[in-house]
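Trainee: Protein chains in written order, with our numbering: chain A, 1 to 997; chain B, 998 to 1414; chain C, 1415 to 1528.
Treat the hints loosely; a few may be bogus.
As the list claims (entries may be wrong) - Taking lysine-lysine pairs in the DSBU-like style, the calculated list, with each CA pair at most 30 Å apart, reads: (1) A:Lys360 x A:Lys371; (2) A:Lys326 x A:Lys97; (3) A:Lys578 x B:Lys1028; (4) A:Lys856 x A:Lys652; (5) B:Lys1050 x A:Lys135; (6) A:Lys327 x A:Lys17; (7) A:Lys272 x A:Lys97; (8) B:Lys1388 x A:Lys964; (9) B:Lys1266 x A:Lys97; (10) B:Lys1287 x A:Lys97; (11) A:Lys284 x C:Lys1498; (12) B:Lys1151 x A:Lys631; (13) B:Lys1388 x B:Lys1229; (14) A:Lys990 x A:Lys964; (15) A:Lys516 x B:Lys1000; (16) A:Lys284 x C:Lys1503; (17) B:Lys1266 x A:Lys388.
Unchecked claim - Which bits of chain A does chain B cover? Going by a derived footprint, with three or more residues having C-beta under 8 Å, they are: (18) 128–138; (19) 539–550; (20) 894–903.
Derived from the structure by calculation, the hints contain no laboratory data. For glycine and all other residues, C-beta sits at the position ideal for the given N, C-alpha and C.
Now for the letters of each chain:
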Amino acid sequence: MSGANRIPGAGRLTPAKTARFVFDGKSYAALEGDTAASALLANGVHLVGRSFKYHRPRGIVSAGAEEPNALIGVERDAARKQPNVRATVQEVFDGMKVISQNRWPSLSFDVGAVNNLLSPFFAAGFYYKTFMWPKQAWKHVYEPQIRAAAGLGVSPTEDDTDHYSSRYAHCDVLVIGAGVAGLSAALAAAKTGARVIICDEQAEVGGALHYDKSVTINGLEGFTWAQATAAELAQMENVTVLPRTTAFGYYAQNFVGLTERVTEHLAKPDRKLPRERLWQVRAKRVIIATGAIERHMVFANNDRPGIMLASAARTFLNHFGVAVGKKIGVYTANDSAYEAAFDLKRAGITVAAIVDSREKPGEAVLAEARKLGIEVLTGHAVIETAGKLRVSSMSVARNGGGRGRSIAIDALLVSAGWTPSVHMFSQSRGKVAYDFESQRFLPGTYAQDCLSVGACNGTNDLQATIEESLAAGELTSNASGFTASQKTELQGSNAFAWTGGMAGAAEGAGPDTTVKAFIDFQNDVCAKDIRLAVREGMHSIEHIKRFTTNGMATDQGKLSNIHGLAIAAETLGREIPKVGLTTFRAPYTPVTFGALINHSRGELFDPTRKTPMHALEEAQGAVFEDVGQWKRAWYYPRAGEDMHQAVNRECKTVRDVAGIFDASTLGKIEVVGPDAAQFLNLIYTNSWDTLKPGRCRYGIMLREDGFVYDDGVVGRMAEDRFHVTTTTGGAARVMNHMEDYLQTEFPHLNVWLTSATEQWAVIAVQGPKAREIIAPLVEGIDLSNEAFPHMSVREGKICGVPTRLFRMSFTGETGFEVNVPADFGPAVWAAIWERAEPMGACAYGTETMHILRAEKGYIIVGQDTDGTVTPDDASLSWAVGKKKPDFVGIRGLRRPDLVADGRKQLVGLLTKDPKLVLEEGAQIVADPNQALPMTMIGHVTSSYWSENCGRSIALALVAGGKAKLGETLYVPMPDRTIAVEVSDMVFIDKEGGRING
Amino acid sequence: MRKYSVFAVAREAMRGHRGWEAQWTSPEPRKEYDVIIIGAGGHGLGTAYYLAKEHGITNIAVLEKGWLGGGNTGRNTTIIRSNYLYDESAGIYDHALKLWDDLSQDLNYNVMYSARGVMMLSHNIHDQQVFKRHIHANRLNGIDNEWLTPEQAKEFCPPLDISRTARYPINGAALQRRGGTARHDAVAWGYARAAADRGVHIIQNCEVTGLRRHANGAIAGVETNRGYIGAKKVGVVAAGHTSVLMEMAEVRMPLVSYPLQALVSEPVKPIFPCVVMSNTVHAYISQSDKGELVIGAGTDQYSSYSQTGGLQIITHTLDAICELFPIFRRMKMMRSWGGIVDVTPDRSPILAKTPVPGLYVNCGWGTGGFKATPGSANVFAHTIANDAPHKINAPFTLERFRSGRLIDEAAAAAVAH
Amino acid sequence: MLLIYCPYCEEERSELEFRQAGDAHIARPTNMTEMTDEEFEAFFFLRDNVKGLTYERWRHLNGCGRFFNAARDTVSDKFVTTYKAGLPKPDISALRPATEATVETYEATESNAK
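For reference, chain A alone in the conformation it holds in the complex (with noise of 0.2 Å):
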């Protein structure tokens, strides 16, 4: 038995494939294809939650998405718990568990109902009111109260197990909603032979199919046409059938996120499959076929469990063979909830009245009701119902007032109209028109190349659904050259033409400021909240919406949105295209991150790079840091040393042997042409034109505004040819800064630029013992310091392999950068590690090299400049070609402000404690005893402890610095105040002869 509310013969499930599910900690049973909120009302179970703000006890409202009440977790695992399920989408799968949520410490028994008795307390937006006395309990008592008692499902707290995948997909068409419209439109679209794609976030298609069993289409049920048609389009290469998949967002130039729900359906699914899958589509063309929604009726307490729109009562018979109640109500303003009435009398269940507000029904229906016997009460309202956890009773009285008459029933099926979704069509930037004479909002003008075609447009006729959708998919289809080869023809009908609809508080809703009339169930948002917020002079619907919270739930709005517009419509005595609608915003419903960021974690987050060389430091011990995407060894520890340690002894290592170091990271672009150097003169601020083949020289590239932007060694390896160097951090956007310039300001320069950072393992031989070092592996190149001084650059061949040499230092050291095709670099670098090794040499890392330099002052491009530093401040003038006539940042450069005195310079620092080792980033001030907030003239940007100096050192920027040598400044630290004295930025081998050794 899966439930003793399912009535044999009813309904589209079998009866033999049966499910376990657990809900709360009892199990119940449920048919395969039920949703966990048609098996929980087979089960007769009606409260599945409580209301946001009052803990109202509730039960399931609707069939579908639009689900603003029946919201559950749903476990699988400790790592698999997810909040905020809809009751009403979530398939039921053999061992699912189903937890309630905001209530404690049970459901039927909610402490934070006492919400509920202080609701006159509050109103909306009472908390901009109160909780200002005394200042500090905000924090610590009444915003910590209130977080506790809002949010809704628990957050998972443990990493999510299951993957994710993604698609980007291309068609001519691409068919939101697979109902009648949807369906017909992309039979129309594929017969032509165009690329089609159809989702549908339902499991099945056949959108109000699922509950209007009168429709028949080409003499076929119209379920049953859907499923055929849809097999029919799976069948069709051209087409792509997505059901279980949600358009949830509609942006430019006609691309839409789809995400389709893979596995949550099944019991065990197969763990190499997705949970989800993130489909990105770009179409040609859209055709929104989306359908509309059923609101309910805003009176005195409709929100109780068993009050539920009259279709979804409708979708829970035809489709899942389950009644809602043994007696039921019908408090209507439209024609459509006759027909739930008559489906469920004709099962057998008692309809005890339908409640009519109208005077005047549809005369179709009026006449159906009276044959099958149902009492029809017209113009009269309900006006408050009963029922502690599940509605009891009605009471029904004629519009405009009189005593109620109540009457007993168990479930309540109310209907105020459809809402036609034009979310689509709005995310999409068309603008919405409202209809007066149907009181809708409709598509007016198009923004994209989409068409909306049924419910969504306003269609209400099924044969003209039909034909609109069948047009639709053909035009569309022509636009990107298709044409069908004969028509496709449907013909449909169906029992009852639907008339009436009303928006807004409903008689029994009354102006009363204390009935709890709901418009948004979720948020508790009552008729009498929005009458408050206009009085308070929220006049604009965006601010009635903020004021209220009405729309702001997990729904977005879907039923509310258009009662509260009309609440407020008639508050403010305006019309309701005057007051105007709140915006749709992406998603339709609510999307996982998981889906959003598919494979985008770990690893494949951000690409990690590794130099040719990575995995032989790996193999030395070498500890990596991240520089941007770079993984670069940092330093390689030996055994029982910490990073101080070999840090100390790489130093002076390199200073009395050799180190080598990988410099693979740093960016390299080749600068070739008849007009290279003409090029660089425009890009550097230094003059190229006298830099003969076979030397280098060190550059300052600067931004049109005058700050420095990249430095490095440019080595020109002939006439016509430049290898350029970069910062790590530097090279693409140093590449792009000259593609830049190259191509659109620079344009009748012959040159051109590769980017080669990739292709060049660089390996840097540093130290006295470096020549003796590479000397025995280099063919074709006399390395002696008159044949190949400091900055020059020699191509031949090393271990064999060709290479780009470069007696160049970063160190102060006689030193040798080898490049190599990058292929090459770890043979290399092996053969290279062979002969220094026995020398008593070391492979160092980063760390080492920042030591290295700062003793000798070179400075860091974005470490010890910023952004805002000039060459000057640098003190690197003399690389500022004086008599050029034209650079990138010349102009800059002489702004007042960059020439004006007091800028901060570049300085050494040395404290006057040798040991103490200053803090990077410190502040530096000239009187330590000043009070807050102190005057700072710089900060410290780089510093060490100098194996090499016995001392610590450091560099820093300090206002005036250079007029300074030889003052006593301060850095003051949280617990003592250092003093420092200024000094030059060079601080081992002043005169700069080891550099040529």
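With chain A held as given, fit chains B and C onto it using these hints.
Mentor: Relative to chain A, chains B and C alone:
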């Protein structure tokens, strides 16, 4: 103005809240005002409030083309902090932070300023150097900002992943405990109510279509869709639309407007206690009082007034958030939206006089304007009232790009606001 | 995500392949050193920041690598046309369908009635 208090709420509760008066009225515009403020966001309404409260100028209109608080005030992720590097920035943001502290009481409107702490994650040595520089500078400026180890960071924010195997492991964090969040709408509404109470006219649905000037070049008034309104002084506080308005006075601005997107998750019970920002992976996150995770990112790459942006910006932001907080992968995005932010070349604001006598401009806050709201409004009111800047906003001139005296927090720190 | 037609590749490609590069048709002055501070400010810092039709530069970074120009509406984000760097501003009136009005921002549109 009827005072808001727990007693007032209780009294109203007894009579169905029938007694509340409008928080602000919707008056017809006068022919002329002493001061017209264009733009009824937090900064503009606040300016009117402080003009009335501190400078005795009450003949003011705040003109708004849409609904008050509907621009970036109502679209931002509400982060408040003041731990900026340069003295100039620290000065204005900390001025704001001090005003935030008393703002609810001052306005008699609960703006829900919550000093939950803003933590900025450091992922590498460069980040660490930059954050330490901030921390030291802040300390000497009397602004709280402290360094946390990864373990301390995790203790402060338990959902944080501090494992060394993360793609960008965390090596520490800078925490400003006085930083936090506030309720954005309440800021606009609180200022609107308090300003209206002091006689300020707040005129919504009133779009400025032109700026009229006297023969001597000085400002004379504004053309609007509701007719011409005279003004002795005009303050433009229009964020993303500043360039459009200033162009009406033939002033070209050093501004570009970009789309900035943000999103919220479905609400859940309290899980996230503070605000966390990471510039290395580009994301920031906090949890609202309602329980939603509030998540923001960088701007889209192209200039736009569309208030929308690309899905790829949203997905990239969530990539980063879930790298930092892997437990949130099953959470769901409930709503996303966009605003228009106006960005200056040095990413610091402009609060200044303009070449047009009587015309003042407050703009260029980029992605960081909300946190400055009270401070910015307060000194801008001073600037308008005295026709001279307050010493706190004196550095934030329109001319600084000409002279090169920039306040370049981004260049100095690689820190997004 | 925008779809952008690269005038060099002669193909529409996704925005992910492109980088926007600021305003178009701002030529770098050839007399840099003779400019006044005001002229330099106007060249390098001041921008029209147009609400509506703007001329801007894009680079097909992850494609052909070329910089090109585009005419785009900053309110609808729609491209009117793209064209090669160095070409003059195209005659937009010829390209822009007269019937297609600029789409206003959401907030302005939503209260429009039929």
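Trainee: Could you run down the list of hints and mark each one as holding or not?
Mentor: Verification of the supplied hints:
no.: 1; hint: A:Lys360 x A:Lys371; in the structure: holds, 17 Å
no.: 2; hint: A:Lys326 x A:Lys97; in the structure: holds, 28 Å
no.: 3; hint: A:Lys578 x B:Lys1028; in the structure: holds, 26 Å
no.: 4; hint: A:Lys856 x A:Lys652; in the structure: holds, 14 Å
no.: 5; hint: B:Lys1050 x A:Lys135; in the structure: holds, 21 Å
no.: 6; hint: A:Lys327 x A:Lys17; in the structure: holds, 28 Å
no.: 7; hint: A:Lys272 x A:Lys97; in the structure: holds, 22 Å
no.: 8; hint: B:Lys1388 x A:Lys964; in the structure: holds, 29 Å
no.: 9; hint: B:Lys1266 x A:Lys97; in the structure: holds, 20 Å
no.: 10; hint: B:Lys1287 x A:Lys97; in the structure: holds, 26 Å
no.: 11; hint: A:Lys284 x C:Lys1498; in the structure: holds, 25 Å
no.: 12; hint: B:Lys1151 x A:Lys631; in the structure: holds, 25 Å
no.: 13; hint: B:Lys1388 x B:Lys1229; in the structure: holds, 23 Å
no.: 14; hint: A:Lys990 x A:Lys964; in the structure: holds, 19 Å
no.: 15; hint: A:Lys516 x B:Lys1000; in the structure: holds, 27 Å
no.: 16; hint: A:Lys284 x C:Lys1503; in the structure: holds, 28 Å
no.: 17; hint: B:Lys1266 x A:Lys388; in the structure: holds, 26 Å
no.: 18; hint: 128–138; in the structure: holds (count 8)
no.: 19; hint: 539–550; in the structure: holds (count 7)
no.: 20; hint: 894–903; in the structure: holds (count 4)
Hint violations for this structure: none, all hints satisfied.
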